[in-house]
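Enquirer: We have chain A; now place chain B onto it with these hints.
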Amino acid sequence: MNTASAIRRLERRETHSSRAAASIVTALILAAAFLWLAVELVLALLGADPLIVRPGAMAQWLVHVPEATVPARLVAAGGVLALLGIVLLAMAMRGGRRSRRTLKSGQAAIVVDDDVLASAVSRRARLAGNFAPGQVTTTVGNGSIQVLVRPTSGLPADRSAIQQAVEEELAGYGLDRKLSPKVRISTEGALGQ
Amino acid sequence: MSNTNRALNRILLALGGLVLLAAGGLTAAAGLRPDVAGAWTTAAQQSVDDAQSLAATAPVPEPFRSWWAIAAVVLLVLAAGLCLLWITRQGGGKTHRVASLPDAGRGRTTVEVGLLSSGVEAAISGNQAVLASSVSAWEGRRGTALRLSLQARQGASPRELADTANQVTQGIFRLLGHEVPVLVRITSGNRTRLAGNSRTR
Chain A
1 MNTASAIRRL ERRETHSSRA AASIVTALIL AAAFLWLAVE LVLALLGADP LIVRPGAMAQ
61 WLVHVPEATV PARLVAAGGV LALLGIVLLA MAMRGGRRSR RTLKSGQAAI VVDDDVLASA
121 VSRRARLAGN FAPGQVTTTV GNGSIQVLVR PTSGLPADRS AIQQAVEEEL AGYGLDRKLS
181 PKVRISTEGA LGQ
Chain B
1001 MSNTNRALNR ILLALGGLVL LAAGGLTAAA GLRPDVAGAW TTAAQQSVDD AQSLAATAPV
1061 PEPFRSWWAI AAVVLLVLAA GLCLLWITRQ GGGKTHRVAS LPDAGRGRTT VEVGLLSSGV
1121 EAAISGNQAV LASSVSAWEG RRGTALRLSL QARQGASPRE LADTANQVTQ GIFRLLGHEV
1181 PVLVRITSGN RTRLAGNSRT R
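Protein chains in written order, with the working numbering: chain A, 1 to 193; chain B, 1001 to 1201.
It is worth saying that the hints were derived from the structure and are not from the lab.
In this text the structure is predicted, and so the values were computed from the model without any measurement.
Possibly wrong hints are sitting among the right ones.
[To be verified] Chain A side only, calculated, beta carbon under 10 Å to chain B, not exhaustive:
#1 L10
#2 L37
#3 L46
#4 V70
#5 P71
#6 L74
#7 A76
#8 L81
#9 L103
#10 K104
#11 Q107
#12 D113
#13 R124
#14 P133
#15 E169
#16 L175
By construction, the Cβ of each residue, glycine as well, lies at the ideal position given by its N, Cα and C atoms.
So here's chain A without its partners, still in its complex pose (with noise of 0.2 Å):
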């Protein structure tokens, strides 16, 4: 076994949605709906009243809807049936990006949740500015970084410094993807800190 494409493959399988929710939630209705037409099948063909609508009946709704139906709900109804349509298209096709990202390593494949990083990055600029927590809020978006500061009121902040701070902290990890971090200072101070 190669290793190296082994873990290559964990690491884009753990990064990536498997999409087995939307699968189950599809294949569950798809499942209810052909139970539901055969059972109604059956007991129109016994005989017997159908749970909902005979298949006769449901075929012959289908045959006069356009006639039956105002005009503007069928462009709403069909423009409700394209939308789902849009979405489990946009599900399937897009990357299926989580929000982890991937760690250069040695031997294994490892991979770290943004809010982990965020938190990580709080804490450096909160120790590079000295800042109490809270005063620092760290949001990782796709490829940036976003970290706002709270100043203690009547204490300037040093951009720089704790921009340069967050730049060292992340060249520090490895990351598989570069972050680029933007540090924002609050135009509002924090009281009492």
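Expert: Same frame as chain A, but now just chain B:
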């Protein structure tokens, strides 16, 4: 991480999306243009008539009237079964056995996940950055792989955690006597939020 067939999921979801999109587009078109609405009614009536005449070609005694009706029921049940099969294809592969070797005709030696779990727990018990750990294994087409999950303390450095994980992985390899693919997950969980920040060092 599991043996989910991801390509199949994507293909089937895309197919479902295309069908819905086509149905929606047709419905909307029928609302916008009278000629589409007319064609819809004609074509649908035609297929209903076709189905009825087809049903008459293969009669069976009451109460089932036609072989075609029975075939339709079977087909529907089969389709539902395929959908349920699709659900069962999600995930899977989890195993308790990490490694197993025959012992020259005197039996087999098997290593279970529990052994590695307790070993990892002991190894990281003094580590302030890690709040909890778990080890699991799953069996894929390419053999057994391990998943080592570490719950990070708030503010803990991912690099330090990764280095810890690498050491633990080395230990596991030594214990097993051979290398296996290892996935390390560094996560935050409930304990991360409850346990508070790490002390400044």
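Enquirer: Of the hints stated earlier, which fail here?
Expert: No numbers; nothing is violated.
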